[in-house]
Amino acid sequence: MSFHWAKPYEPKNAVSKWVDERLPLPRLIVESLGTYEAPKNLNYWWNFGSLAGLFLVVQLVTGIVLAMHYAAHETVAFASVERIMRDVNFGWLIRYMHANGASFFFIVVYIHIFRGLYYGSYKAPRELIWMLGVVIFLLMMATAFLGYVLPWGQMSFWGAQVITGLFTALPIVGEPIQTLLLGAPFVGNPALNKFFSLHYLLPFVIAGVVILHVWALHIPGSNNPLGIDVKGPQDTVPFHPYYTIKDLVGVVVALLVFSAFVFFMPNMLGHPDNYIPANPLATPAHIVPEWYFWPFYAILRAFTIDFLGIQAKLWGVLAMFAAILLLLFLPWLDSSRVRSARFRPTYKWLFWFLVADVLILGYCGQAPAEEPYVRISQFASAYYFIHFLILVPLVARIETPKPLPRSIADPVLPSEAVAQPAE
Amino acid sequence: MIRFVSYGVGAIFTLALLVGAFTPREAPEPDPIKAIERAPKQVTFAHEGIFGLYDRAQLQRGFQVYKEVCAACHGLELVAFRTMEDLGYNEDEIKAIAAAYEVPAIDEKTGEDSTRPAIPSDTFPSPYANDVAASAANGGKIPPDLSLIVKARPGHEAYIYSVLTGYEEAPEGFEVPEGGEFNPYFPGAVIGMPKPLSDDQVTYEDGTPATVDQMSKDVTAFLAWAGEPKMENRKRMGMGVIAFLSVLLVLSIISYKKIWADVKGPKPHDS
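Protein chains in written order, with the working numbering: chain Z, 9 to 431; chain C, -16 to 254.
Wrong hints could be hidden among the right ones.
Across the chosen pairs, the derived CB separations fall in these ranges [claimed, not checked]:
no.: 1; chain 1: Z; residue 1: L41; chain 2: C; residue 2: K124; range: 57 to 67 angstroms
no.: 2; chain 1: C; residue 1: D14; chain 2: Z; residue 2: M273; range: 27 to 37 angstroms
no.: 3; chain 1: Z; residue 1: I313; chain 2: C; residue 2: D14; range: 23 to 33 angstroms
Sample of chain Z residues with no beta-carbon within 10 angstroms of chain C, all distances over it, derived [to be verified]:
no.: 4; residue: T187
no.: 5; residue: F212
no.: 6; residue: P288
no.: 7; residue: A364
Keep in mind the hints are simulated off the structure, nothing from the lab. Glycine included, each C-beta is placed from N, C-alpha and C at the ideal position.
Bound-form chain C, shown alone:
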């Protein structure tokens, strides 16, 4: 009985699927934008790979680019100033970095809204009072917070680097809409953000030439740290855990062989 119900149900589902599969459908129209969009460029960072750790000097340079360029439009609202210790800054430097930002506060005397200089326990504020202000100042698009930008985009570091270095002339016949710029590494090839970096836009304290390529790499590394500040702890602990488990594996295999040695007849691994 169940057999015939089963054949019947199987036949109905199969029929519904096959009729669907053989129903002619319109050929998909190739999206012309797809031909223009490009995969992220090849780029390498010190913090990649199993042993890769952040390059402190690069993070500091990247922070300088963020502070002097990106921060005009983008917040870093999940990153607390105190965590900048990871970049090699000392307490006084962190206090100074924080104090350069104003954060919303309440006036202690009048109770009215006001602002105060940030302290190390604050996070990098958004440059806008709220989303409406952010949107109004940027042609209807809110500049994204950058705290997690590297983790939140397919392609990760390579994508951020490619977008920052990817501004170029639009190809012949490509209409770039008002308020946008051509960038084939950005989905849709039109990006609302004006070209943010040009050579020597910042002056690095360590004398590194501030080319667009260098600044893009540095700020990408800084944003990778901002998104994953515990990466170094994670990789270090991972080494220890893998080493421990490897020793345990050898010991457990030896014990396994010894315990099973006296079992007569076919062994599990024979069958």
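Next up, chain Z with everything else stripped away, as it sits in the complex:
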């Protein structure tokens, strides 16, 4: 484990000693979640990692139960979901938890990502943690999209049409890829079956990558709000009980908010059209994805002209994927050695501009594709790329960071420390 002062696991009796010598699983758990040393200045923004884990478990458990009652066939899928809502014991609870759990998984992961952006958690030596996080994010998006198709409502059907249709923007290989994804040249039963299978598979892949993400985290240890390295035992506390209790506070608050949605406004984050059975002959007036895709949907639709001989549609698809994949390169785009935005006066502003920009993109993503939203999303999309690809590398080179505190336990600035003895 990361720090040498972390207390190693000591088997208490003959049985646990016997197990430890053969399969040190208790050691792994105790040293990962118990005696693991974490910086003692982690603020509440650091709760969102464990909350993401919580909602992954909520989705896995409710999803496995739903799959016991769901039927993935185009003629009965919609009715089987309604049977869950009406006739299965607590089926309404399980389904509303699953539908809202997806939204909550995304909201906590978005906050987790933005926390990483603010405090520079993606920088050395945590690049791989960040990149594995981007992989988890991509897998989550795929899983959420596949899952949204399963109730086989109008938005399910037309969402599948639009998203798989994106691939047709690619020249030559586009349509074969769409046919491969759908298992047929149209959205129908082969696609529904395939999507159900993959929707059941991918969460376990996510769980696997989460294990790598946490493993990689436990090598250098957690970043912290000051963004400076841990210097010694005075800077850290054991994960248990200090952060287990703190994470519990976060879990209870998250579950309170989650319950407010599940029990009192369970359909607020969904779209009414998905309570209409899929109908290939009736296109909904506005096809909109779930809220967590809105910013990327806005980028997709922001390209309105053919440019450099590439069709507008292909530009949109390339830009949408680029908007996510560029995050993989962020550790090298931002060459500033200072992690936390607290000590980066210019980057701090950029961060908040980015937050505002993503919110604007989100708003445009749900709006109909008409003026002024198209033009706003064009400027907002441009700013998104300017932020990551131009401003972040540039500011990292020209910004003068503020002086860093000496250590977590003794957060006085070096200059103050020098000034004191002179008095």
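Guided by the hints, dock chain C onto chain Z, whose structure is given.
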């Protein structure tokens, strides 16, 4: 190196977007229908809000409106007769309600298609044999099943109520196409369904005056129940869960403070 690739890629995307943004485009033509369409009316129901529960008497009245008016064209195919217990009917009443409907069956002696009276485990059947028959009888439009209608429309209860009470004279110069009626609360302001309700169309057993407004409210409440029959269980359980979590929150905050009390130096909440 990566820096210059990054600047280049950023510049290309930005250029493609900005050229698009500054390309003049035709001003969007205002849709004249948009000016005629109206947002749903304000209306309140007993089952709204955190503590709101269904008004049983209203659901029964609403069911009567559905049975005597709507059911002529609209099914309720996800709602089983047995669930009518929620409305306060007893077993015999439910059997009688079910028996009034004929459902498709197979003749036990000949094996030919036939029908039989419905039983409590059946669902409210569609009045049409199939979609083609439904479409043919209604000028090419299939009357939607009403099981989820309240949840499946933006505006929900208020929208259904507004459409039912929203039939009026078309404004001057507005051409209502053949087979349609003017209704500004319906998307497009022209609805295929003829005005379904008029005063005293049904006779309520509890003596409530059967105005269009009253019947619309009642049937809307009934359809809200049809779409969300577990709402009362949900809200009741929600109360318990919120109460439990609130106590747990207080306890966990107390534990948190106590556990962290002995940590020296800056605390998490200081930074």
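Here is what the structure says about each hint:
| no. | hint | verdict |
| --- | --- | --- |
| 1 | Z:L41 with C:K124: 57 to 67 angstroms | holds, 60 angstroms |
| 2 | C:D14 with Z:M273: 27 to 37 angstroms | holds, 31 angstroms |
| 3 | Z:I313 with C:D14: 23 to 33 angstroms | holds, 25 angstroms |
| 4 | T187 | holds, 28 angstroms |
| 5 | F212 | holds, 28 angstroms |
| 6 | P288 | holds, 13 angstroms |
| 7 | A364 | holds, 18 angstroms |
Checked against the numbered hints listed earlier, the structure breaks none of them; every hint is satisfied.
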